[in-house]
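Please model the complete structure; the sequences and the hints are all you need to start from.
Protein chains in written order, with my numbering: chain A, 9 to 110; chain B, 1297 to 1576.
By construction, these hints were calculated from the structure, which means they are not laboratory data.
Each hint should be verified, as a subset may be incorrect.
Stated by the list, open to error - List of simulated lysine-lysine pairs, DSBU-like, C-alpha gap at most 35 Å: (1) B:Lys1307 / A:Lys74; (2) B:Lys1458 / A:Lys33; (3) A:Lys33 / B:Lys1555; (4) A:Lys74 / B:Lys1555; (5) A:Lys15 / B:Lys1520; (6) A:Lys33 / B:Lys1562; (7) B:Lys1307 / A:Lys44; (8) A:Lys44 / B:Lys1458; (9) A:Lys33 / B:Lys1545; (10) B:Lys1494 / B:Lys1371; (11) B:Lys1371 / A:Lys15; (12) B:Lys1458 / B:Lys1545; (13) A:Lys15 / B:Lys1459; (14) B:Lys1494 / B:Lys1545; (15) B:Lys1307 / A:Lys33; (16) A:Lys15 / B:Lys1488; (17) B:Lys1545 / A:Lys15; (18) A:Lys15 / B:Lys1307.
What the hints assert, rightly or not - Label pairs and their computed distance ranges (CB to CB): (19) A:Leu104 / B:Leu1570: 17 to 23 Å; (20) B:Ile1366 / A:Arg93: 52 to 58 Å; (21) A:Asp99 / B:Ser1567: 31 to 37 Å.
Note that beta-carbon positions come from the ideal geometry of N, C-alpha and C, so glycine has one too.
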Amino acid sequence: MVSQRIKTIRQESPQGFMIEWLDGKVDRYTLGELQKACPCAACVDESTGLRRIPSEEVPQNLSAIKIESVGRYAIRVQFTSGCSRGIFGFDYLRSLKGMERK
Amino acid sequence: MFGKKAVDEKKSPSIIAIAAGKGGVGKSAVTANLALALHRLGYHVGVIDADIYGPSLRRMLPENVMPEQIGSIIKPAISNGIELISMGHFRQDAHATVVRAPIANGLITQFLDQVQWGPLDFLLIDFPPGTGDVQITLSQRARLSGALLVTTPQQIAVLDVKKCLRMFDQVEIPILGIVENMSYFVESSGQKVYPLGKGGGRALAEQCGHFYLGDLPLHPLIGKALDEGRSLFEIPGTEADSLQQRFLKLAEDVVEQTKCLEEEEKQALGSFELTWQGGR
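Here is the structure:
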């Protein structure tokens, strides 16, 4: 029920950033990985649930224009690919696999 | 099971707005049942019915003790252990409150500043519909811990609730969560029917990054109990029990969210915008 909240968020490279959560966990995300997991309607077909943009077509060096908070439990990433509608809930962000966690 | 909790008299109560931006979604019904559920959990609860033009909480929570004015101080009514102040205490049922906004604001300010509450854990404020003068006065003056947004599933309600969310964003009141009221009814076959559509509240919560606190059923017992001014928690039977459990769960979630929020506000990063460097 209780979600985690962000203590710190910091850009670490042109393609990546880190989030330190209130429970002390640190997660590192690359923008390419996030774009592949973007839940917005432009990226995922609502009726079939299939991704509209195949993962292999997302460039590895994808970057961002900005990241902003949405309410208390989500961020919105404006990717350089043009997608700016994806809202990543904190629970969703923490559940994403394949990210470095220490 | 539900023993009285010792209230810390030095601690200010957590003040929670129950709002929607739209009329008819059942804010007052949710407020009344949430107050009863919190009381059942052992908390000391006060309620301000801030709907100056259409107060209904006096009917839902009829008083054992009437409010009393002593000089500039107003002592609230008491309804089965819940403290309540409402415009409904100061005029007859069938009479409309015909006042312009500055007068309404003055009445709300009196409710906020001049009511002498007992030691409370929670003060619930049932917001009037809309996002006008009174709502802004309440948001700015009530030292709100957070707001619980009530919607119904259909898009037209969700759109108005979204406006209300923006108002709270503008005045930097955190949102405790969104609860969907009148979501479904259960047919005699046991099948759930969704007369107003399905999933509007959850979608809104996900879209806005707020907690979804679940759905509440459309059930004749809820309306009947409130019409009769009878606590849902005094009604026997399995159907009432199931509704009681649902409101107790909502109350527990609200308590948990409020505590988290008050704790988190001390540590968490608030609203932010991280502009990317060297990304183009």
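Evaluation of the provided hints:
1. B:Lys1307 / A:Lys74: violated (40 Å)
2. B:Lys1458 / A:Lys33: With a Cα-Cα distance of about 32 Å, the restraint between B:Lys1458 and A:Lys33 holds, given a limit of 35 Å.
3. A:Lys33 / B:Lys1555: holds (21 Å)
4. A:Lys74 / B:Lys1555: holds (31 Å)
5. A:Lys15 / B:Lys1520: The hint is violated at about 47 Å.
6. A:Lys33 / B:Lys1562: Status holds; Cα separation ~18 Å.
7. B:Lys1307 / A:Lys44: violated (47 Å)
8. A:Lys44 / B:Lys1458: Given that 35 Å is the threshold and the Cα spacing comes to 28 Å, the pair holds.
9. A:Lys33 / B:Lys1545: Roughly 29 Å separates the two Cα atoms, so the pair holds.
10. B:Lys1494 / B:Lys1371: violated (43 Å)
11. B:Lys1371 / A:Lys15: Violated, at about 42 Å.
12. B:Lys1458 / B:Lys1545: With a Cα-Cα distance of about 24 Å, the restraint between B:Lys1458 and B:Lys1545 holds, given a limit of 35 Å.
13. A:Lys15 / B:Lys1459: holds (28 Å)
14. B:Lys1494 / B:Lys1545: Holds, because 21 Å separates the two Cα atoms, which is no more than 35 Å.
15. B:Lys1307 / A:Lys33: holds (32 Å)
16. A:Lys15 / B:Lys1488: Status violated; Cα separation ~41 Å.
17. B:Lys1545 / A:Lys15: The hint holds at about 29 Å.
18. A:Lys15 / B:Lys1307: holds (26 Å)
19. A:Leu104 / B:Leu1570: 17 to 23 Å: Hint holds: Cβ distance 18 Å, inside 17 to 23 Å.
20. B:Ile1366 / A:Arg93: 52 to 58 Å: Cβ of B:Ile1366 to Cβ of A:Arg93: about 57 Å, so the range 52 to 58 Å holds.
21. A:Asp99 / B:Ser1567: 31 to 37 Å: Violated - the Cβ-Cβ distance for A:Asp99 and B:Ser1567, about 19 Å, lies outside 31 to 37 Å.
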